[in-house]
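Trainee: Here is what each chain is made of, one letter per residue.
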Amino acid sequence: MNETFGDAVAAAQAGLPEVRIELEAGRTAYEPGQEVRGTAWWRLERPAVGVALHLRWTTAGRGDEDSELVRTLELPAGGAAGRAPFQMRLPDGPYSFSGKLVSLTWHLELVAEPELASHRVELVIAPGGREVRLHASP
Amino acid sequence: MRARDNPFAVQRLDRLAYRLAGEDWDTLLARLDGLGRRGAILGPEGSGKTALLVALEERLAARGCRVVGLRLHRGQRRLAGEQRARLDTACAPGTVLLVDGADELGALEWHRLRRRSRRAAGLVIAVHREDLLPTLHRCAPTPALLAELIAELHPPCACELPEAEALLTRHAGNLRTALLELYDRHAASPEAAPGKD
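Protein chains in written order, with this note's numbering: chain A, -15 to 122; chain B, 11 to 207.
One or more of the hints may lead you astray.
[Claimed, not checked] Restraint ranges, calculated between C-beta atoms of paired labels, are given here:
{"no.": "1", "chain 1": "A", "residue 1": "Glu15", "chain 2": "B", "residue 2": "Pro144", "range": "58 to 68 angstroms"}
{"no.": "2", "chain 1": "A", "residue 1": "Glu52", "chain 2": "B", "residue 2": "Pro54", "range": "26 to 36 angstroms"}
{"no.": "3", "chain 1": "A", "residue 1": "Glu8", "chain 2": "B", "residue 2": "Arg148", "range": "47 to 57 angstroms"}
{"no.": "4", "chain 1": "A", "residue 1": "Thr42", "chain 2": "B", "residue 2": "Arg195", "range": "21 to 31 angstroms"}
{"no.": "5", "chain 1": "A", "residue 1": "Arg117", "chain 2": "B", "residue 2": "Ala27", "range": "28 to 38 angstroms"}
{"no.": "6", "chain 1": "A", "residue 1": "Glu6", "chain 2": "B", "residue 2": "Arg126", "range": "29 to 39 angstroms"}
{"no.": "7", "chain 1": "A", "residue 1": "Pro111", "chain 2": "B", "residue 2": "Ala27", "range": "31 to 41 angstroms"}
Simulated from the structure, these hints should not be mistaken for laboratory data.
If you're wondering where the values come from, they're calculated on a predicted model, not measured in any experiment.
Positions of the beta carbon are idealized from the N, C-alpha and C atoms, including for glycine.
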């Protein structure tokens, strides 16, 4: 018990757990169907048993949230710390968009088990890499 | 303003923590134990019953209970197949069943659920009616609470009590639709003009 408590304190002092997605050139805006590349890395208190990258969209606004998990990429997990380059083909749609009533946003989320540490970054997936604005002037 | 940036977006409302008025959690949980862990959360539409169920789930889990939740939609007279399966898993010692909207069920279905839940460690329902289970807590929206929620969601919109009272009155005590009126105001604000947000 004391040993576990001591481990937890040491981990907290070391800033653990920590997981991060680093996108190639820091790029977050993409055309539909393009490929996103980057590196996932993690530092956990215990050896990772699973590291996965999830791509999903969610809605926000005046109505209830809607969400769909579109892709999952399992990454090779090994040890308490690690890094894995990844590439993922983005879907053709739906486009990232925003209006007054609803917005749709895409996210890449990295989840490392067993600690369920996660990090997510927002992506824009739309023609020209620009969020579609429903109420914008043509 | 983009919907995602609106401070009164539903997703932000859903993340508001329930505020217990006039008592603390230990008192509420002791009362639940005193009721044999079978009780009802009462309140009108939009008064925070679901938020309280969510908060209660966390508190019960922290006490080591396994918690299974069922949410019924408006007009749902019977449990769906998947909900029946979840009910079966919930009817076990050590498990507390939380049912949001139990008064939507038909009388026969409610009696079935209540009978089956006897094997569970507890049953808490969120309803509008008083006659299903003994009252555990009454959600009572007040202008002060509405003002507090507004200030938390968007400090620049913080308002005085009379304004909160007028807003709550316009919405017949429904906190949720009152906050959605503020959503609409923001969506229609000058910043939302084309090309300006």
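Trainee: Work down the list of hints and note, for each, if the structure agrees.
Mentor: To see whether the hints hold, each was checked on the structure:
1. For Glu15 of chain A and Pro144 of chain B, the hinted distance range of 58 to 68 angstroms is satisfied, since their beta carbons lie about 59 angstroms from each other.
2. At roughly 33 angstroms, the beta-carbon separation of Glu52 of chain A and Pro54 of chain B lies within the given 26 to 36 angstroms, and the hint holds.
3. For the pair Glu8 of chain A and Arg148 of chain B, the beta carbons lie near 55 angstroms from each other, so the given range of 47 to 57 angstroms is met.
4. Take Thr42 of chain A and Arg195 of chain B: their Cβ atoms lie about 24 angstroms apart, and the range 21 to 31 angstroms holds.
5. Against the hinted window of 28 to 38 angstroms, the Cβ-Cβ separation of Arg117 of chain A and Ala27 of chain B comes to about 33 angstroms, which satisfies the hint.
6. Separated by about 51 angstroms at the C-beta atoms, Glu6 of chain A and Arg126 of chain B break the suggested range of 29 to 39 angstroms.
7. At about 40 angstroms, the beta-carbon gap between Pro111 of chain A and Ala27 of chain B stays in the expected band of 31 to 41 angstroms.
Figure legend: structure checked against the earlier numbered hints; the only hint not met is number 6.
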